[in-house]
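Sequence order for the protein chains is A and B. Position in the first sequence (from 1) plus 1225 gives the number in our numbering. If you count the second sequence from 1, position 21 lands on 2 in our numbering, and the numbers rise without skipping.
Please keep in mind that the hints were generated in silico from the structure rather than gathered at the bench. The C-beta atom is built at its ideal place from N, Cα and C for all residues, glycine as well. Treat the hints loosely; a few may be bogus.
Claimed, not checked - Restraint ranges, calculated between C-beta atoms of paired labels, are given here:
| # | chain 1 | residue 1 | chain 2 | residue 2 | range |
| --- | --- | --- | --- | --- | --- |
| 1 | B | Ala54 | A | Asp1276 | 19 to 27 Å |
| 2 | A | Tyr1298 | B | Leu45 | 38 to 46 Å |
| 3 | B | Leu113 | A | Pro1241 | 22 to 30 Å |
| 4 | A | Arg1321 | B | Leu78 | 51 to 59 Å |
| 5 | A | Lys1322 | B | Ile101 | 44 to 52 Å |
| 6 | A | Ala1352 | B | Asp(-16) | 48 to 56 Å |
| 7 | A | Ala1352 | B | Ala20 | 21 to 29 Å |
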Amino acid sequence: MIYQAAIDENFPVAEPTQVARLRSGDPAALADAVGLYQHRLYRYFLRLVRDAASADDLFQQTWLHVVRQIHRYDAARSFDTWLFAIAHNAAMDLLRKRPGESLDDREFAIPSRAPDALSAVLAGERAAILAAAMAALPALYREALTLRFEEGMKLEEIAEVTHAPLSTVKSRVQRGLEAMRQKLTRRDLL
Amino acid sequence: MSDHESVQQLLALSAAGLLDAGEERLVREHARQCAACAAELEEFAALTAGLSALPLPQPPAYLLAQTSALLAAEADRRQAAFLAGAVAVFALVFVLLIGQTLRTLAGDSAAVVWLGWASITSVLGAASALVLASRRRLERSIV
Ligand SMILES: [Zn+2]
């Protein structure tokens, strides 16, 4: 897969020794980890909650949680999925309190115009249009797409992060893509 | 369901790389003969490639510093709690040892008086420590 290779090169993950240092409460290891994951974690939050201030808050909350719960982390498992599962829980808590944010898997209607789509079209930037079309999807679908295509996670990893069955994750990816394709082909953008 | 219809259901997942080998083969073979499915598959492929190549949003410059400050405060709090716990254990051992010594030197009643006095002062001490700690937390949150 083309994108898989790109992801592996650009995103270093914590190595076992780093994770061991993290578990022992080493402040330098913690600072390293925050730096190492800052772009990926911030992107995840931004895609999911769609505003920078909330993404900032969630980012900090997540690391605080990591510090408090690191003793519960099972070093035999992936640190990435553990970290993103904490991030997922924090984001869901926030989204649940947000009026107008739907967190269920039922059929969804795509709004005819995403909040930022028009300005993105005017700016004429394809990536901005794609990002805006993704932002117009319901939260669980944006999450599935960013974890699959931006994080390059496997189905099983997404399921672990989102505490959802494999079939549900699969259907979120599928329906998210189908909705985006419909929207974008209507505008001749694909 | 015709081949065309069942393959239509699989196109998005094929582009997402989420089909098993058998399903993937079915899609490829059908798309070779069906222009509509081939075109749709291409659109999905363009879409997933585009999603994978979205520019990485830049976190604000202050985010790392703010997070480090938060984590340092947390480490501080945990260390303080640990020290307070250690001091309390030490004090308890000390009080009991003196009680034991008094008991052997001056009898049971002296030990009881000592333990009563020590428990009153330690309850007062613990209460004032808690008040001080909450003040400090309050001041920190104001700053
Ligand atoms: Zn067909």
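Ala1352 of chain A paired with Ala20 of chain B, Cβ distance criterion 21 to 29 Å: holds (23 Å)
Distance restraint hint 48 to 56 Å, applied to the beta-carbon atoms of Ala1352 of chain A and Asp(-16) of chain B: Given range 48 to 56 Å: violated, Cβ gap about 35 Å.
Satisfaction of the hinted span 44 to 52 Å by the C-beta atoms belonging to Lys1322 of chain A and Ile101 of chain B: holds (47 Å)
Range hint compliance [Cβ, Ala54 of chain B to Asp1276 of chain A, 19 to 27 Å]: holds (25 Å)
Supplied distance hint 22 to 30 Å, evaluated on CB atoms of Leu113 of chain B and Pro1241 of chain A: violated (42 Å)
Range hint compliance [Cβ, Tyr1298 of chain A to Leu45 of chain B, 38 to 46 Å]: Check failed, 22 Å falls outside 38 to 46 Å.
Cβ distance range 51 to 59 Å for Arg1321 of chain A and Leu78 of chain B, holds or violated: The hinted range 51 to 59 Å holds for Arg1321 of chain A and Leu78 of chain B, with Cβ atoms some 54 Å apart.
Checked against the numbered hints given earlier, the structure breaks hints 2, 3 and 6 and satisfies all the rest.
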